[in-house]
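Protein chains in written order, with the working numbering: chain Y, 41 to 442; chain D, 41 to 442.
Please keep in mind that the hints were generated in silico from the structure rather than gathered at the bench. Computed from a predicted structure; not experimentally measured.
Identical chains share a label here; the pair holds if one copy fits it or two copies do between them.
The list that follows gives simulated cross-link-like pairs (lysine-lysine, PhoX-like), each with its CA atoms no further than 25 Å apart:
(1) Lys257 - Lys421
(2) Lys275 - Lys206
(3) Lys64 - Lys290
(4) Lys338 - Lys78
(5) Lys69 - Lys188
(6) Lys64 - Lys322
(7) Lys290 - Lys185
(8) Lys216 - Lys265
2 protein chains.
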Amino acid sequence: MINVAVLGYGTVGSGVVEVIESNKELISKRAGEQIEVKYILDLRDFPGDPYESKLVHDVNVIMEDDSVAIVCEVMGGVGAAYQFTKMALNKGKSVCTSNKELVAKYGPELLGIAKEKGCNYLFEASVGGGIPIIRPLNSALTAEKVEKITGILNGTTNYILSKMEKEGADFEDVLKEAQEKGYAERNPEADVEGHDACRKISILSSLMLGKTVNSEKVYTEGITKITAADFVYAKAMGRSIKLLGVSRSKGEENLVMVAPFMISAENPLYMVNDVFNAILVKGNMLGNSMYYGKGAGKLPTASAVVGDVVDCARNQGRTIPCLWDAKEAVLADVDEVERRFFVRVKPEGLEAVMAAFPGGEQVDAGRSKDAGYVTPSLKEKDFAAKAELLGDALLGKIRLGD
Amino acid sequence: MINVAVLGYGTVGSGVVEVIESNKELISKRAGEQIEVKYILDLRDFPGDPYESKLVHDVNVIMEDDSVAIVCEVMGGVGAAYQFTKMALNKGKSVCTSNKELVAKYGPELLGIAKEKGCNYLFEASVGGGIPIIRPLNSALTAEKVEKITGILNGTTNYILSKMEKEGADFEDVLKEAQEKGYAERNPEADVEGHDACRKISILSSLMLGKTVNSEKVYTEGITKITAADFVYAKAMGRSIKLLGVSRSKGEENLVMVAPFMISAENPLYMVNDVFNAILVKGNMLGNSMYYGKGAGKLPTASAVVGDVVDCARNQGRTIPCLWDAKEAVLADVDEVERRFFVRVKPEGLEAVMAAFPGGEQVDAGRSKDAGYVTPSLKEKDFAAKAELLGDALLGKIRLGD
Numbered sequence: 041m042i043n044v045a046v047l048g049y050g051t052v053g054s055g056v057v058e059v060i061e062s063n064k065e066l067i068s069k070r071a072g073e074q075i076e077v078k079y080i081l082d083l084r085d086f087p088g089d090p091y092e093s094k095l096v097h098d099v100n101v102i103m104e105d106d107s108v109a110i111v112c113e114v115m116g117g118v119g120a121a122y123q124f125t126k127m128a129l130n131k132g133k134s135v136c137t138s139n140k141e142l143v144a145k146y147g148p149e150l151l152g153i154a155k156e157k158g159c160n161y162l163f164e165a166s167v168g169g170g171i172p173i174i175r176p177l178n179s180a181l182t183a184e185k186v187e188k189i190t191g192i193l194n195g196t197t198n199y200i201l202s203k204m205e206k207e208g209a210d211f212e213d214v215l216k217e218a219q220e221k222g223y224a225e226r227n228p229e230a231d232v233e234g235h236d237a238c239r240k241i242s243i244l245s246s247l248m249l250g251k252t253v254n255s256e257k258v259y260t261e262g263i264t265k266i267t268a269a270d271f272v273y274a275k276a277m278g279r280s281i282k283l284l285g286v287s288r289s290k291g292e293e294n295l296v297m298v299a300p301f302m303i304s305a306e307n308p309l310y311m312v313n314d315v316f317n318a319i320l321v322k323g324n325m326l327g328n329s330m331y332y333g334k335g336a337g338k339l340p341t342a343s344a345v346v347g348d349v350v351d352c353a354r355n356q357g358r359t360i361p362c363l364w365d366a367k368e369a370v371l372a373d374v375d376e377v378e379r380r381f382f383v384r385v386k387p388e389g390l391e392a393v394m395a396a397f398p399g400g401e402q403v404d405a406g407r408s409k410d411a412g413y414v415t416p417s418l419k420e421k422d423f424a425a426k427a428e429l430l431g432d433a434l435l436g437k438i439r440l441g442d
Numbered sequence: 041m042i043n044v045a046v047l048g049y050g051t052v053g054s055g056v057v058e059v060i061e062s063n064k065e066l067i068s069k070r071a072g073e074q075i076e077v078k079y080i081l082d083l084r085d086f087p088g089d090p091y092e093s094k095l096v097h098d099v100n101v102i103m104e105d106d107s108v109a110i111v112c113e114v115m116g117g118v119g120a121a122y123q124f125t126k127m128a129l130n131k132g133k134s135v136c137t138s139n140k141e142l143v144a145k146y147g148p149e150l151l152g153i154a155k156e157k158g159c160n161y162l163f164e165a166s167v168g169g170g171i172p173i174i175r176p177l178n179s180a181l182t183a184e185k186v187e188k189i190t191g192i193l194n195g196t197t198n199y200i201l202s203k204m205e206k207e208g209a210d211f212e213d214v215l216k217e218a219q220e221k222g223y224a225e226r227n228p229e230a231d232v233e234g235h236d237a238c239r240k241i242s243i244l245s246s247l248m249l250g251k252t253v254n255s256e257k258v259y260t261e262g263i264t265k266i267t268a269a270d271f272v273y274a275k276a277m278g279r280s281i282k283l284l285g286v287s288r289s290k291g292e293e294n295l296v297m298v299a300p301f302m303i304s305a306e307n308p309l310y311m312v313n314d315v316f317n318a319i320l321v322k323g324n325m326l327g328n329s330m331y332y333g334k335g336a337g338k339l340p341t342a343s344a345v346v347g348d349v350v351d352c353a354r355n356q357g358r359t360i361p362c363l364w365d366a367k368e369a370v371l372a373d374v375d376e377v378e379r380r381f382f383v384r385v386k387p388e389g390l391e392a393v394m395a396a397f398p399g400g401e402q403v404d405a406g407r408s409k410d411a412g413y414v415t416p417s418l419k420e421k422d423f424a425a426k427a428e429l430l431g432d433a434l435l436g437k438i439r440l441g442d
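Please model the entire structure based on the sequences and the hints provided.
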């Protein structure tokens, strides 16, 4: 029998218990041993909860119980979660987590302790919720030089953008509705400003490069400036607008960024709508492969955590290889990247735009309130400098993707 | 250093050598040891080939060389390939293969020998080419009860159907063109009659159920009866036509079949075009996840074989768990399955169809040569019985999918 402790009895934590209890027979068969939840750590009491008897308030009960082999850290944050993870790993207990913030910040250190102690630190649930993406990168695409990863990594923003596209609604209205329905948090900043996607693309980039991508240095732009009008132009161009995490490796330089992009219908990410996530991985032998599914939610996320529990059970006394060095990867300067931009301007500004970015294409979406234009390919910094000269006439800009 | 032998120097075999040589440094780093191709087995000579010196004609050279730890069986067929695989496994050499026919037929036996000998029999490349799907099922979705797998599993037929859809062309014309371009074999039966997809869904179903799905008992229908006219009706219904391998587990009964289906635009498989493959997996906790990429081709397939080589290198002396029992799974009788059907009839037959299947819906595609109708949900056998009565008036029928 393998005893598991769950740290944090919130949404994901209760999901972990539910997944283990619902599929116990199957999971135990796959793990090779009976899997049991022995402790649930939470500061709160849960009177009447069916697992009340497993609740403990003191983490030391778990740490000092040698029969606990696997710990699920689903508390979130980088304070106590970091301490408890280190404690567990140092005791030789494997840790499975959905905590992307912690993985992004301390991944290599925690992986290092796990290796030293012969246990595992697994984090499939930290990116893409229930979509297997960490394992494909670490254990499946091992014959590939991964050259590019492009992902829709945040379900809240994808839901908002899909809804804006479908209903012609504006950002603020859809956000409000999403908050009422519980799809967006009351403080939506981490999602809508792109910080959540930034942590996830940083983790994926680190695994792709084998070095650490510092998420604090990743250029990040959210979706708050996207309007219903932008979608009208996107549609006229046969495109959609998606918040993408992008990571591209070229020689020694690595471009990592998060921003809304206008992507074409040929891009497999084009059809990824609502709360779904998808990650497109380009390898030098395989070409594109894509991983699609529910990127968040109680059970999908918990399923990924429990999948890691099974892997820990199967790999007791053995550390599954994960090539992620603490050394920081060199990031390319986003300003130097060349691409095309869609710009939306006041009708009277169109001439100035065409003069500023000659050789582009006007986009006719049958609107009189504004005009659309796609610039030719130019450096981000050159675009920014010229766009600034347009002043008030510039109503919006979105990068063009593949 | 880990020595690898490649059995068969055809398309995939030369791809395996190319992938190992192209990405040698990365692959060796991930494997934890230098990976070297020591032998290539083929009956033919390849004068002037850069790897000519590694060629051997006698399999015993490989089997008797204890320094060869991993064998890539990429010969195909179930004759010599079966013998050589058993020989290698019995010697404790791990085997990685793209040979779906062999895996479908002898999977559990070969897995059993590998387990007994403490080595591995891995077959990621046997389904979905370079798309990781075996590993997600075996090692990632281990917290899930997988309830349904639906896949576009054959690139040739998907290419043909996509082209028929896009160009309004008929099956025979597109097949001929595909053969000229090398996308379809001169003898296309295995692809267009669904046999290839049948082997692949049988492998996936066996992994899903943990028991053996005998591919010879799987109901299999190909795409040869699909016409350009069917696509006109599909379009009018907002649908596409795809050759699907379907596997559904319900209680003790398992439905496994291969047939063309008309699927709606909401189905994530709808956008999978050309030579791409995709597999949609429905778990009881996660819901749908999808795996998309190139399902065939030299380098994608070879990449999957070499990914398995890395896994074998990482797991020397240890057998990666694979729950696939030799016991045969009970398959449901396809005749008893209830679903809707699209039927295409001569204009004069429409009334008879509406009388035979009351409560369905007529499909208006603006055609005068034939008429389209969608039946209400009914059992396959009841549909077949009534359809037979329509005689010559019935021009075609296609199952409706999700």
